[in-house]
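Top to bottom, those sequences are chains A and B. Okay, so the first sequence: first residue is 43 according to this note's numbering, each after it adds one. Okay, so the second sequence: first residue is 17 according to this note's numbering, each after it adds one.
What the hints contain is simulated information worked out from the structure, not anything from laboratory work. A virtual CB, placed ideally from N, CA and C, is assigned to each residue, including glycine. No incorrect hints appear here.
Which chain B residues face chain A? A few, computed with CB under 7 Å, are given here: (1) Ser-234; (2) Glu-236; (3) Ala-237.
Letter by letter, the chains look like this.
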Amino acid sequence: MAGSSIARPLVALVLLGILAVTLAIAVGSAQVGVGRVLWVFAGGGSELDRTLILDLRLPRVLSAFAVGGLLAVAGALMQVLLRNPLADPYVLGLSGGAAVGALLAMLAGMAGLVVSGSAFAGAMLATLLVFGLAHGSGSWTPSRLLLTGVVVAAGWGALITLILAMTPAARLPGMLYWLMGDLSHSGQPRPGLLVLLLVCLLVLPLGRSLNVLARGSMQAAALGVSVRPLEWLVYLLASVLTATAVTMAGAVGFVGLVVPHMLRLLLGNDQRLILPACALAGGILLVLADTLARVVIAPEQLPVGVITALLGVPTFLYLLYRSR
Amino acid sequence: MIHRLTLLAAFLLAPLPVPAEALCARDALERDVCLPEPASRIVTLSPGATELLFSAGAGERVVGAGAWSDYPPEAEQLPRIGDSSRLDLEAILALQPDLMVAWVDGNSRQQVERLEQLGIKAFWLAPREFEDIPRALEHLSVLAGTSEVAELAAESFRAGIRELQDRYQSAEPIRVFYQIWDQPLMTINRDELIGKAIELCGGVNVFGHLPRLVPRISTEAVLEAAPQVIVTSGREQNDRAWLADWQTYPSLPAVAAGNLFLEPPDLLARPTVRMLEGVSHLCQTLETARGRL
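Whenever a hint applies, use it, and build me the whole structure from the sequences.
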């Protein structure tokens with residue numbers, strides 16, 4: 043594949059990304075015109091405008107971009123790893139583990155960093171649990187990993203239901219918003235953007251090996267790829283990406299499933315292109331979805347997970363229908 | 017009251033037979049709930065209902081109460097019949113009550129209907145106005161046969177609200193943001209009882225116009241609404257964390273004036289006679305806030 047045919051779609055996506063971020067910063071429940079937004083970035087503007095734009099909207103929009111990118115790349119990696127088109131970042135129970143961690147913290151009356159921290163801990167625990175169980179003894183296959191993950195995910199699901207059933211009604215909204223995915227308390231975007239960038243830089247050199255792996259482990263091994271270490275590396279990276287995303291915004295659905303598929307249909311299945319494209323397109327999708335979540339019934343708010351699912355379900359169904 | 021007098025009259029004029037269903041009260045679902053004789057075994061399905069029955073003088077007739085019924089202190093000793101959203105039907109049946117007091121916003125309609133099919137009468141509460149509280153006291157006391165006590169409680173509640181109305185009707189309007197939760201950030205609109213309390217105290221609820229009873233809003237919307245005072249009950253007693261979070265926006269009028277207040281929990285949250293105390297406290301808080309502007 044020639045360099046320019048990789049570069050061209052990426053340049054287009056970068057431009058789209060800049061557009062989406064600008065739009066997202068310009069609109070919100072408070073009416074701040076584009077002129078005043080530009081004025082704020084030029085260093086002026088009233089104190090209220092500065093707070094609105096710089097302290098509230100900008101971090102949130104960047105967080106949305108980071109979370110979307112993290113989830114889309116994680117989804118693309120999972121689909122390669124499991125060689126299953128239905129794989130998404132949560133299929134192996136990672137979000138379930140994170141949810142149990144976060145909800146337990148909320149049940150104990152905690153908030154903020156403690157909730158994020160225990161969500162991350164839960165996600166990592168889920169990763170190690172599935173890793174340990176699937177590793178076990180005997181032969182290891184992606185389908186064994188998938189089955190282990192799905193069953194562990196079901197277990198997390200049961201624990202989540204149990205926690206919800208034991209929670210006093212007043213605390214339920216916070217938990218449900220977390221489970222649906224919500225960016226209103228995502229905090230600092232920097233760690234997320236950093237993880238996204240680092241992992242992208244780490245996987246890009248692996249693109250060729252991943253392309254071979256996507257065709258099957260036998261073929262990959264025959265072509266000289268050391269399959270087992272590569273698969274575990276991919277699993278670990280996807281887990282770190284997902285854990286970071288879930289820690290920032292809860293379990294935002296469908297981005298990780300739909301974005302890689304859309305891009306494959308548009309751009310072909312070259313991982314060297316698909317992975318960075320996922321980082322950009324996932325970010326763009328979530329930035330736009332979160333903007334809708336903020337303004338559809340403003341000043342009331344919707345959780346962004348609702349919007350991604352509402353956009354994701356018909357898109358995915360359409361793609362499936364067309365690809366028949 | 018009137019029903020009881022009719023009953024008395026009927027009893028004096030023609031001792032036999034007593035009318036089959038003589039005690040009737042209309043509940044919040046506009047249904048006439050009738051009992052052949054005053055209820056002697058009552059089950060309350062929410063903490064608010066428990067409090068109302070104790071205020072109506074029927075506390076000793078309550079044989080079971082919903083989870084979190086902690087006021088008055090005697091209520092804590094009552095057998096529990098499950099959380100208001102998930103009633104323990106078996107526990108309720110085992111108590112053999114002749115009346116249950118249900119709450120529209122908390123109890124499951126299906127569960128209560130199931131119990132009604134099994135022969136237990138239900139009286140529904142749906143407090144939307146201050147007047148609904150004394151009215152509920154009166155209606156419940158008809159069914160429990162404790163009208164004298166309830167009448168006094170109802171009248172003193174009405175008088176208290178009237179007094180506050182008189183005192184604050186010409187108070188300087190002040191823009192209020194009432195935070196009931198932080199993640200997600202939630203407030204109340206003007207139809208909620210707390211919203212009515214704010215209005216009664218001469219406050220202007222900055223989100224009063226929103227269509228939903230408990231809207232979920234953004235920090236951005238609060239900054240734009242520029243409230244002059246922020247009030248919350250916190251997550252629990254003396255929890256100032258939510259108020260501290262607002263300190264990061266010094267340009268907010270409420271923060272600039274130091275108008276961040278913690279109200280005692282339960283007093284405003286529960287639609288019971290203690291709400292008068294809660295409203296009075298809120299009015300004083302807003303008065304303090306006015307002084308700092």
